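Protein chains: 2
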Amino acid sequence: MDKKRVIIVGGGFGGLTAAKKLKSNNLELIVIDKTNHHLFQPLLYQVASAALSPGDIAVPIRGILSNKNNVDIILSEVLSVNKTDSYVQLKDRQIKFDYLILAPGSSHSYFGNTDWEKFAPGLKTLNDALTIRENILRSFEEAEIIEDKSAKNDYLTFVIVGGGPTGVELAGSIAEIAKKTMLKNFRHIKPEEAKVILVEAGPGVLPSYSEKLSEIAKKDLEAMGVKVLVNTRITNVKSGFVETGSGIIKSKNIIWAAGNAASPLLKTLDVELDRAGRVIVESDLSLKGSPNIFVIGDAAHATDKNGSLLPGIAPVAIQQGGYIASLINKEVKGKARKPFVYFDKGTMATIGKAKAVAKIGRMEFSQFIAWFLWSFVHIFFLITFRNRFRVMGEWMMYYFTGRRGVRLITKHPE
Amino acid sequence: MDKKRVIIVGGGFGGLTAAKKLKSNNLELIVIDKTNHHLFQPLLYQVASAALSPGDIAVPIRGILSNKNNVDIILSEVLSVNKTDSYVQLKDRQIKFDYLILAPGSSHSYFGNTDWEKFAPGLKTLNDALTIRENILRSFEEAEIIEDKSAKNDYLTFVIVGGGPTGVELAGSIAEIAKKTMLKNFRHIKPEEAKVILVEAGPGVLPSYSEKLSEIAKKDLEAMGVKVLVNTRITNVKSGFVETGSGIIKSKNIIWAAGNAASPLLKTLDVELDRAGRVIVESDLSLKGSPNIFVIGDAAHATDKNGSLLPGIAPVAIQQGGYIASLINKEVKGKARKPFVYFDKGTMATIGKAKAVAKIGRMEFSQFIAWFLWSFVHIFFLITFRNRFRVMGEWMMYYFTGRRGVRLITKHPE
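In order, the protein sequence lines correspond to chains U and P. For the first sequence, the residue numbers in the numbering used here are 1 to 414. For the second sequence, the residue numbers in the numbering used here are 1 to 414.
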């Protein structure tokens, strides 16, 4: 009997979990990713804010799957999917599949204003994080030597667009670096000159949390020196400033954390997508009319038992990846499918040192306890022992010394 | 009394040592560097070979000098020096000095063939190291999926030009990664398909060591699977191959470790330079005719008491930086100068796991003992506790598991 071939597109949380749990002795497994590494995305903002190294939160996919039989890993991009003939199209070849698991993730959405991207980079890849890190560090260097007050001000103003978890975590962590860590290293910058502004279109930050936690998060940010502008919509982004309904904010550091758009690959599937470009999947996460093609993670529009959209977070992707692996493992032995059920273990977001918010079931936490939970969970879920050791080391060092580890500018300015 | 202003150009071993040891309470100190970090260059090849992260061996100069008074740090490039009016010229301004310490380092020399650089990058900066790392990792990815035997061969051939310490350390460490670490992660590459070739124009590798140690280093490399070509001069480098007197070697990974050229800044001094572009300095390391301008590190052509040229290694730069600091500290109090004397504490080069060579005075070491010395000295001299902790962690992990920590491709291919 020929082995069934499963292709997994994307080595993020969903794709990697599926790859690990598929019984590859009875299958032929191919993992295709644009990068060579699995990225622990929840800590990516710490690379952008110079707290961690890329190597602390990224691990080669080959390394993770090296002990598995019958796994091929391909560093390449899938350009399209052919449903009728069951193959994926790469740049230079086609690969047929029996099962296809699409976990391509998402990128930033500028709501149609694609020209904003070059003035307000987003944070999805290691390269994005390094670009933002360089920008921040270089701005301090410029501000240190510049004489003109207004120009100096522009370099020391940091605007983060979007008050979801990424925006909040970035704003908190940039406030720490800008108002504390960096300053004793500069002679011509005063703490009050550095401004961190978080702009959110809705009525509060962290909209997926309760009003109470959202309010706590806002207060925590403000206590750290972040100016939080709610109910404020960005109407334009240009080099050096953003325009809002209530005026212009000048800044050399604008970071985009506002919207997600699912991978453009999904458009080639010729199925119904939601407004964010996600595939509206069946109860078994498969494509309507193509039971052998699955979409998981933040590329999928899946709902829980109450009909609410599942959020684009790691636990959802991990559970979906595990579910599909088990479904395929069983189906090749002739067993029937059951629908996917999400088990909500809680969510959390960190704001700064000893400040975070968390909800677990009906319980809500904030301050030190939430932050401690957050630290524990994130170290626990890091892929390898090596990463755990390094990240814990960095965090302890930072907690006690207040120094950021990785304040490096490696690229040359354009 | 006005404070004397000392400008230090370059935050490498020499410049940083001078900055640390100058008594800045009585002086005004300005450190100018093109990058924001001090780089522990002896371990740079380990970043290129994916063993260490950039953040493990680089520390922000501001951080190192943050506890010192009257130090200004400027991220900028010095374009020229005006000896008559005692100022340095930056892109957008001039800064006057009473004393000038030039420690700008060196870059690669292609012996006039500047067009070779794009096909055979050298290893001087963090950016260089990341470029080489990406190249190596991407080559394995290409080799894994390519069908054509000859093209696959090109990706799996690594040519290192130059058999000095950098060349030897790179060759050894690429052999380890190519013939051991990586292979269990790939399904379509066999150990014998990976070829590492070290090309040296002279009769042996490590020409600054004894013939005995040079021979041991060559044997060690060969035992690790490196093909060592001595008496072989490179006559041409193009995309995808090098030409030698005895034929063409095809390779997608050509790394240049053959020659050094001192910083072009030195040409603006209008003094005698040696063939490598180094300033021929006086016995107090000052410029002939300009006793307030000093050149140190591998930008200086200084000699020991026997008249031999001092090598371009960290201990020389460190001692010279310390010497100048003490000279200036004393001279501002009216004391006379004494000439610089180099104290040779020994040199060492590593070849691979538990393989190295070292000479200390008349004693020579090789194998495990030299490697142990090397590891100890390098960890001991790393700038901060944080770096020591991280590097030691990585090395222990590698020693026991054989895994390389930082096998990341972050940039997109051009």
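Note that these hints are calculated values from the structure, not bench results. Quantities reported herein were computed from a predicted structural model and do not represent experimental measurements. Hints should not be assumed to be uniformly reliable.
You can't tell identical chains apart in this list, so a pair holds if it fits in one copy or across any two.
[Unchecked claim] Think about it this way: if two alpha-carbon atoms lie no more than 20 Å apart in a straight line, the pair counts; the simulated SDA-like pairs of lysine to any residue are:
1) K68 / K219
2) K195 / F241
3) K68 / L183
4) K212 / F381
5) K250 / G225
6) K353 / N329
7) K227 / E211
8) K68 / R187
9) K3 / K96
To see whether the hints hold, each was checked on the structure:
1. K68 / K219: The answer is neither: 48 Å in one copy and 36 Å across copies each exceed 20 Å.
2. K195 / F241: within (14 Å within a copy, 52 Å between copies)
3. K68 / L183: Cα proximity of K68 and L183: across copies only (14 Å, versus 49 Å in one copy).
4. K212 / F381: Classified as neither: same-chain Cα gap 28 Å, cross-chain 51 Å, threshold 20 Å.
5. K250 / G225: For K250 and G225, the Cα distance is within 20 Å only inside one copy (18 Å; across copies 58 Å).
6. K353 / N329: neither (43 Å within a copy, 42 Å between copies)
7. K227 / E211: within (19 Å within a copy, 67 Å between copies)
8. K68 / R187: Classified as between; 11 Å across copies, 54 Å inside a copy.
9. K3 / K96: Cα proximity of K3 and K96: one copy only (13 Å, versus 75 Å across).
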